[in-house]
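*Asks:* Residue numbers (numbering that gives the first Met the number 0): 0 to 240.
If you are wondering where the hints come from, they were derived from the structure by calculation, not from laboratory data. Misleading hints may appear alongside valid ones.
Pairwise CB distance ranges (calculated) [claimed, not checked]: (1) S141 / D81: 30 to 36 Å; (2) D191 / R232: 39 to 45 Å; (3) R232 / R128: 40 to 46 Å; (4) E184 / W108: 38 to 44 Å; (5) R128 / R23: 40 to 46 Å; (6) H146 / A16: 44 to 50 Å; (7) H146 / P125: 24 to 30 Å; (8) Q26 / S136: 45 to 51 Å; (9) T194 / W108: 27 to 33 Å; (10) D145 / R232: 17 to 23 Å; (11) D195 / G51: 30 to 36 Å.
For clarity, every value in this text was computed on a predicted model and none was experimentally measured. Where is the CB? At the ideal position from N, CA and C, for every residue including glycine.
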Amino acid sequence: MTTGIGTDSAPLIRVDALRRHYRRGPQTVKALDFLDLTVDRGEFVAVVGASGSGKSTLLNLLAGLDTPTDGAVLVEGRRLADFSRGELATYRASHVGIIFQSFQLIPHWTSLENVDLAFCFGPKAPDRRARARAMLSKLGLSDRLDHRPADLSGGEQQRVAIARALVRDPDVLLADEPTGNLDAENSTLIMDVLTDIRREGRAVVVTTHDVAMAERYAGRIVSLEYGKIVGQRRSGRGVSR
Numbered sequence: 000m001t002t003g004i005g006t007d008s009a010p011l012i013r014v015d016a017l018r019r020h021y022r023r024g025p026q027t028v029k030a031l032d033f034l035d036l037t038v039d040r041g042e043f044v045a046v047v048g049a050s051g052s053g054k055s056t057l058l059n060l061l062a063g064l065d066t067p068t069d070g071a072v073l074v075e076g077r078r079l080a081d082f083s084r085g086e087l088a089t090y091r092a093s094h095v096g097i098i099f100q101s102f103q104l105i106p107h108w109t110s111l112e113n114v115d116l117a118f119c120f121g122p123k124a125p126d127r128r129a130r131a132r133a134m135l136s137k138l139g140l141s142d143r144l145d146h147r148p149a150d151l152s153g154g155e156q157q158r159v160a161i162a163r164a165l166v167r168d169p170d171v172l173l174a175d176e177p178t179g180n181l182d183a184e185n186s187t188l189i190m191d192v193l194t195d196i197r198r199e200g201r202a203v204v205v206t207t208h209d210v211a212m213a214e215r216y217a218g219r220i221v222s223l224e225y226g227k228i229v230g231q232r233r234s235g236r237g238v239s240r
């Protein structure tokens with residue numbers, strides 16, 4: 000195991016009685032309410048639900064970008080809440096790849112520079128430019144290294160974002176509505192890329208409102224409504240073999 004965070008016998012990620020509540024004026028918004036969930040290595044999990052069901056909040060908690068109101072997120076048996084500041088920074092920088100629906104690319108930077116940005120956080124990598132170039136080439140973008148986001152299609156921008164998420168060889172990839180801004184052809188291309196990533200032994204957790212897409216690619220589908228898990232089912236796809 001590459002992280003050195005916990006033990007190989009534990010699930011890669013385990014969520015125990017997870018709650019995230021917000022105050023909105025006099026009201027308490029229960030974004031997540033008593034969630035229990037595990038994610039194993041080499042597993043493709045799709046979290047489905049309407050807007051406001053808690054999907055993005057869950058990904059932010061798994062990534063260590065937010066802290067729970069109650070309950071726990073455990074990574075290889077260790078609670079994220081018990082990580083030191085340095086351990087949490089290393090976890091976010093090196094062991095979790097995050098893909099955003101809106102790509103989050105820096106407009107005036109090239110594809111290569113946007114992917115290289117991942118190395119500005121966490122442990123130093125002397126071969127960072129070579130690794131960024133190799134990852135872009137792996138995703139079919141070897142002829143787009145010097146292109147800026149405005150000169151790329153939506154599918155190409157999303158592949159640059161995926162390259163940035165993967166270039167530090169994370170254990171888990173978290174993708175928030177990765178096909179939400181793409182047409183059908185590019186959506187299929189991106190989901191095929193995520194499937195290949197899962198086959199390499201990484202865990203992939205995707206949020207989506209597209210149930211048909213989830214059923215086509217994911218090994219397990221988790222349904223959220225109003226911050227609660229209302230159903231889980233396995234599809235036989237997207238599991239480690």
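*Asks:* Does the structure break any of the earlier hints, and which numbers would those be?
*Replies:* 1, 2, 4 and 10
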